[in-house]
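Participant: Start from chain A and add chain B according to the hints.
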Amino acid sequence: MGWLDTLVQGILLGGLYALFATGLSLIFGVMRLVNLAHGDFSILAAFMAVAAVQALDVGPLLALVLVAPVMALVGYGLQRLVLNRLLGRGVLPAVLVTFGLSIVIQNGLLETFSADSRRLNAGSLETASLPLGGGIAVGWFPLLTFGVAVLLLVALQLLIGRTALGRAFRAASDDGETAALMGIDNGRLYALAMALSLAIVAVAGIFLGVRTTFTFASGPDRLLFAFEAVIIGGLGSLWGTLVGGVILGVAQTTGARVSPGWGVLTGHLVFLAVLLLRPSGLFAKSQRTDS
Amino acid sequence: MTVAVERATSASRVGLLIASLLVAGLIALPWAGDAGLMRMVVELIALLVLAQMWNLLAGYAGLVSIGQQAYVGLGGYALVVLADDLGVNPFLAVPLAGLVAAAFALPTAALVFRFHGGYFAVGTWAVAEVYRLLIANSGALGRGTGRTLRAVFPLARETRELATYLLAVVLGVTAIVAVYLYLRSRLGLGLMAVRDSEPASQSLGVDVFRTKLAVYLAAAFGTGTTGGLIYLNLLRNSPDAAFSINWTAYTIFIVVIGGLGTLEGPIVGTLVFFLFRELLADWGSWYMILLGTLAVVVMMRYPQGLWGLVAERWDVRVFPVQRRVRDVFGVSPPGR
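Protein chains in written order, with our numbering: chain A, 1 to 291; chain B, 1001 to 1336.
If you are wondering where the hints come from, they were derived from the structure by calculation, not from laboratory data.
Keep in mind that a hint or two might mislead.
Stated by the list, open to error - On the chain A side, residues computed to face chain B include the following (Cβ under 8 Å):
1. VAL91
2. PRO93
3. ASN107
4. GLY108
5. PRO220
6. LEU224
7. GLU228
8. GLY261
9. TRP262
10. VAL264
11. HIS268
12. LEU272
Said to hold, decoys possible - Derived DEER-like restraints, expressed as beta-carbon distance ranges:
13. B:GLY1036 - A:ARG119: 40 to 48 Å
14. B:LEU1021 - A:GLY77: 45 to 53 Å
15. B:SER1185 - A:GLY88: 29 to 37 Å
16. B:GLN1304 - A:PRO69: 34 to 42 Å
17. B:GLU1312 - A:LEU151: 49 to 57 Å
18. B:VAL1081 - A:PRO279: 29 to 37 Å
19. A:SER259 - B:SER1185: 48 to 56 Å
20. B:ASP1282 - A:LEU66: 33 to 41 Å
The beta-carbon is built from N, C-alpha and C at its ideal position, and this holds for glycine as well.
Isolated chain A, as found in the complex (with noise of 0.2 Å):
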């Protein structure tokens, strides 16, 4: 046991960050613009269902059913109102925007939850385990957290390869004024990838909401670790994020195994490897790394 058990929960992370990381991967891919707010959004939405299990005494299970269609509406919201409004002025607004929205949410929540850790409380599921043999038991819920994240890549999967507004987000994505002159409204389209974006990283700031305790400040760095996820897979490959929040995951562990200071350190690190040795990520879908 020992390393083989830091593997697994390495794997299992993983599934977490890649699911961080499939809504980041989205937006760039729709519309080639970087929300700094992404991870913000995702404690903003923990935050949400906190209250939402006080407010109505559910589990956070349950809450998530309520708070990620909340998510989604206020991303349709916020690219409607918001980031389609600075469309065609280059990339410098939309990053500028999209960094003063991740201060003023933390700043938000710092406000109105106050600075203290907290955690979503999941019961039993939390501590219930499956006993794999050889000594090392895998927890349901990482188990679960894992599970659903594949569901939901197999899921954009067909919806980008087999749907009409997946084929109009690729067309977008190929080149948004053709796909505007074939009647495709961008500013919609836009607005229900970022809604989507926006309820994949609720789901995924709930789940690590009752994983690990979080506060006001957690963000940044799951905007990082989606970041990493996405740029060790390769831009533009769905299932290269998966192996590369896989990849992210067991470096932690790995790290943190050897010295408690050191899990997101070598994850940091082995992203910087990636990035020397292989600059357009392990499975790329193009060469194209331009924004």
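Facilitator: Okay, now just chain B, sitting in the frame of chain A:
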């Protein structure tokens, strides 16, 4: 038709006079003997220089870095190591701290320059986190608790405060003059060409990569020197404070609100920032919420910032970095 290219404006001549008076006032301030005021001016100048450096990156080179806190932190730690461990004079160690930061910027650039646009922003942020975590795990640098600058202990408090203050004034003036001269030079013209169109500037013989790298290193030097100054003023640093994203957040809000891509903008923005902070001192982090919201609104509705609105409305430029063509009879060319 004979034309003349004009650089100076009447506003720039008046501005030069005001700036000279302001600098004279700053040099005279220590005779008023208010230590609290002096500390605040040091803080104000530090933020102003950080803003000028970030403005050079984002407003002139198109490099939107969210990781400049890396150089604030590296500068602060370089100061402690140089002054306490290597016995360098602490005041001399401040500009040397800038050189250390620039030395770290070179390998950093090798990594982050692989990204463009939004991913460049996140990439610089990730590298800043790597520096923070490496220092937080280093026993020699005090791990998570940080270190205190001991080299200044033998000095009398008044001497230390006066020297820190004068150093800040020199840094502030040097930074503004250096950026101004750079932007007016041939290199500055190349830089602005790169910002406006990379392919076009390249085809005209501008080395895009070297131009951007030079600006990135210069900004790291300025930011690192400021980091040294900040911790000479505070005397104590820790990884979380020195590498805090807030350094970059303050800087970005200052530049965006004041006016991105102008030299006057960061000055206006710094004054707005201090006004908000002092007025809302009892309101916790509300000033950050307000500044963030204001920055978002400015970016959406008035991307030229407060100074841009002023410059447009009254056509004033205190630091003219552009060249304007007019004919010898003093008549403005058509279209103006």
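Participant: Okay, which hints does this one fail, numbers in order?
Facilitator: none
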